[in-house]
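S.K.: Take a look at the letters that make up each chain.
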Amino acid sequence: MLRLLRSEIYRLRRRWMPWIMLGLIFVAAFAIYFLIWASTQAQIELIRSGQAPPQGGPTIAQLQETLLIVTPERVQDFGVSVVSGFGSVMLIVFAASHVGTEFGWGTFRTLLAHGASRSGFLVSKAASLIFYALVFMTVGTAAAIAGSYTVSSLAGLPVGTGVDVAEVARVAAKSEYTFLPYMALALAIAVWSKSAGAGIAAGLVVYFAEGLVATLLVSLNRDYAQIVNWGLSRNASALTRTASGQGGPATQDPTASTLPDPTQAAIVLAVYAVIFLALAYWRLRSRDVTVGG
Amino acid sequence: MTVQPHEVVLRTTGLVKRFGSITAVDGLDLEVRRGEVVGLLGPNGAGKSTTIGMVLGLITPNAGTAEVLGRDVRVRREDALAGVGAMLEVTSFYPYLSGRDNLAAVALLRGGGALARVDPLLARLGLGPRGGSKFRTYSLGMRQRLGIASTLLADPALVILDEPANGLDPAGQREIRELIRELAGENRGVLLASHLLYEVEQVCDRVLVIKKGKLIASGTIAEVTRRGAYFEIVVDDKRRATEILRGLRIKEIRETPTGLDVVTDPGRGAELNRALASAGVYASALIPRATSLEDVFMELTETEGPSAATAS
Chain A
1 MLRLLRSEIY RLRRRWMPWI MLGLIFVAAF AIYFLIWAST QAQIELIRSG
51 QAPPQGGPTI AQLQETLLIV TPERVQDFGV SVVSGFGSVM LIVFAASHVG
101 TEFGWGTFRT LLAHGASRSG FLVSKAASLI FYALVFMTVG TAAAIAGSYT
151 VSSLAGLPVG TGVDVAEVAR VAAKSEYTFL PYMALALAIA VWSKSAGAGI
201 AAGLVVYFAE GLVATLLVSL NRDYAQIVNW GLSRNASALT RTASGQGGPA
251 TQDPTASTLP DPTQAAIVLA VYAVIFLALA YWRLRSRDVT VGG
Chain B
1 MTVQPHEVVL RTTGLVKRFG SITAVDGLDL EVRRGEVVGL LGPNGAGKST
51 TIGMVLGLIT PNAGTAEVLG RDVRVRREDA LAGVGAMLEV TSFYPYLSGR
101 DNLAAVALLR GGGALARVDP LLARLGLGPR GGSKFRTYSL GMRQRLGIAS
151 TLLADPALVI LDEPANGLDP AGQREIRELI RELAGENRGV LLASHLLYEV
201 EQVCDRVLVI KKGKLIASGT IAEVTRRGAY FEIVVDDKRR ATEILRGLRI
251 KEIRETPTGL DVVTDPGRGA ELNRALASAG VYASALIPRA TSLEDVFMEL
301 TETEGPSAAT AS
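As given, the protein sequences belong to chains A and B, one line each in that order.
Start counting the first sequence at 1; every next residue gets the next number (my numbering).
Start counting the second sequence at 1; every next residue gets the next number (my numbering).
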């Protein structure tokens, strides 16, 4: 099992895709701070020059208040949520690709022919995905911190007590945890369909559509929360909401008060991840591996 | 552990595989010993790759067992495959990795001293100068060579090669034949599935011919080709000669423009001549004709249904 994991990490390090994704999240997390600062600054300048009257729009004070989200003290609220937003989609894509390409390239068959076990294959894939998600969140969060300090310095914003590293790490870890069932789902679909594309499609559809449907149903009738709270999105929201105290994206959710208990949410997400992996293993174990598969 | 010179490295017993209503492999028994090259022959769809798939634990048999070095592949798959190097019919590696990195990735999976064998194997298979090129840039022949190199990373007791000469030019095919003989010389057992009957004839000690999943002939090359050997008899009175020969338990008599072709053991020439002469039928020529493995293969596989005649 360990030998297979070593081989997996060796191949992962030599593939372009994971490095490109790390580069993208670094640039995105860093650049978003500049974009917010630049757009806010531009609006302030327009208001000051009288070209954009504040009727109905934000005042200079409100814009300056908005700009405070880029300060290091708020990285756990804003920076991590930016990384989490990009990261969820990118990691679903990566998880499906990480497994699905083995079938497309026929390398799953090659690995088995060289003595790898099917359970070892799945465990090494899952372990390397968790490891990669950890690296991804770390790089993204580090870029957000760097962006925050750089922009704060350029904008002359107060740095205050600086980044609360422990809190940022805690929030980032909880965010990463919410990705796991989605990644496991993408992996399972990729195994079942022997296709990265199907894994990506299924993972993204569930990620976006289930959240929308759940929010819509609870908005219509709060009793629906009893049902949709057993889905993925509501439990992920419950965890990320508490991850950032009362901040984070879930606070804009009008149905936030009906979200499940965070401990229950963590358990439900773990159960989903285990079920998806078990289904993937069951399919792998029972499949005859012929050419192309 | 002491290595026995003729130890059985692969044994299958009653292997059966059905895909729905189709029986791909039907009660196949085979054995490969150290130091010998065994050819697995059969037309497309005969069950060669399915058999190899079951030996490697890629395909689950419906019945029967496959043992490598005495270890049942279904029960102790990882232990069993530790002693096997296999190259499958379609050579698949990671396209974004170089040939060297692909071998290194397999070597890490294999463990032991496999990593140290990567460069020597690249050199042995003539891939040294292109070891750093991406696999996706490799020609079919280079891919085959890389596949063969990967089989030797684990210093295996059994090497399984499924169509190793696919895509190789004649010089490359000769190199592979030499390499296969070298592998047997290193006291490894080699199971070679191939369509290239000339190649099989050149390198194999024994052959197994399968058709529709059943073993229809097996033995040394000489034993298998002997079953198709015949005498060309030039004789005027074909009808009388046929009558005389029918009494001698001849496998097959075919009429030709100049006489008869008589399919029988190559050692019966004198007996045939004596029988004809004593009955007053004089042959003007009696020429022993050998058959190639290709002739026998075509005869065996074109005949409907499995033949009961097994050379050994």
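Simulated from the structure, these hints should not be mistaken for lab results.
Ideal placement from N, C-alpha and C gives every residue a C-beta, glycine not left out.
Please note that a few of the clues may not be correct.
[Unchecked claim] Reference excerpt, derived from the structure (chain A facing chain B, CB under 10 Å, subset only):
id, residue
1, 6
2, 14
3, 257
4, 263
5, 264
6, 271
7, 283
[Unchecked claim] Pair by pair, the computed Cβ-Cβ distance ranges are:
id, chain 1, residue 1, chain 2, residue 2, range
8, A, 153, B, 115, 41 to 51 Å
9, A, 135, B, 220, 31 to 41 Å
10, B, 16, A, 201, 49 to 59 Å
11, A, 49, B, 137, 51 to 61 Å
12, A, 216, B, 137, 26 to 36 Å
13, B, 78, A, 170, 56 to 66 Å
S.K.: Hints first: check each against the structure and report whether it holds.
M.R.: Verification of the supplied hints:
no. : hint                       : result
1   : 6                          : 5 Å, holds
2   : 14                         : 6 Å, holds
3   : 257                        : 48 Å, violated
4   : 263                        : 39 Å, violated
5   : 264                        : 40 Å, violated
6   : 271                        : 30 Å, violated
7   : 283                        : 14 Å, violated
8   : A:153 to B:115: 41 to 51 Å : 48 Å, holds
9   : A:135 to B:220: 31 to 41 Å : 58 Å, violated
10  : B:16 to A:201: 49 to 59 Å  : 39 Å, violated
11  : A:49 to B:137: 51 to 61 Å  : 59 Å, holds
12  : A:216 to B:137: 26 to 36 Å : 51 Å, violated
13  : B:78 to A:170: 56 to 66 Å  : 40 Å, violated
Violated hints, in rising order: 3, 4, 5, 6, 7, 9, 10, 12, 13; the structure is consistent with all others.
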